[in-house]
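> Sequence:
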Amino acid sequence: MIQTGDLVMLTNQENRQGRTKVTAVTNRLIWIEAPSEVATLKTFILSDHEQVGFYFFKEKGKLYGFETEVVERQNDPLRGQRYALRRPKEELVQRVQRRQFVRVPQLLDVAVHPHKTGFEPFTSVTLDLSAGGILVLASQIPIQVKEELELTFLLPTGDGTTHTVDVLAELVRVDPRETRYELAFQFTRINDRSRELVLRHCYQTQMKNSRRGTNPFT
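Counting in this note's numbering, the sequence shown runs from 1 upward without gaps.
Hints were generated in silico from the structure; no laboratory data involved.
Here are the simulated PhoX-like pairs of lysine-lysine, each with C-alpha atoms no more than 25 Å apart in a straight line:
#1 146 x 116
#2 62 x 146
#3 58 x 116
#4 89 x 58
#5 146 x 58
#6 89 x 62
#7 21 x 58
#8 89 x 21
#9 21 x 62
#10 42 x 21
#11 62 x 116
The structure presented is a predicted model; accordingly, all values stated were derived computationally and were not measured.
Kindly generate the complete structure, drawing on both the sequences and the hints.
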């Protein structure tokens, strides 16, 4: 299930969240690059036998995770610091609820286009965002639950520029709101660069909201 080149998320006991890449997989070990903190991009060090949470996306954007530990460290002259994590048995890898991802309120313009089910494209706004999905406010319900459509939105990157994010998304929930609808989507196809930028944006927004005393989960 885990492959060389996969982008993954790690959390440690200090509640630091980092992104990294799998460099090798054996029957017993998963080798990764040194993780960089999501919000700051600064590399942080893992200790021998440190317990970490390991999260990754597979199968149409479904999130999986497991608990593991650092069993070896190497300072590779070419690749830099690398870590070997204990590889769990397949039955210990569990599907993770997307609500466990950082989700932040976010008003962005979004373009909605058909994928397989035909409807007139339209534009609307988002209500919140996470690395796993998005909530859109719309005046119509263009598809049925479990069907897919295409979404395009511009994500602020923090340096005064924006990044165009194109995703394939599955409708998972519809909540009526007076004359409109809240449409909850999970991403089923998003490239690694876009997911990384969305993830970083969400953590940076969460940190700003925390400093302002705002709860990003309400």
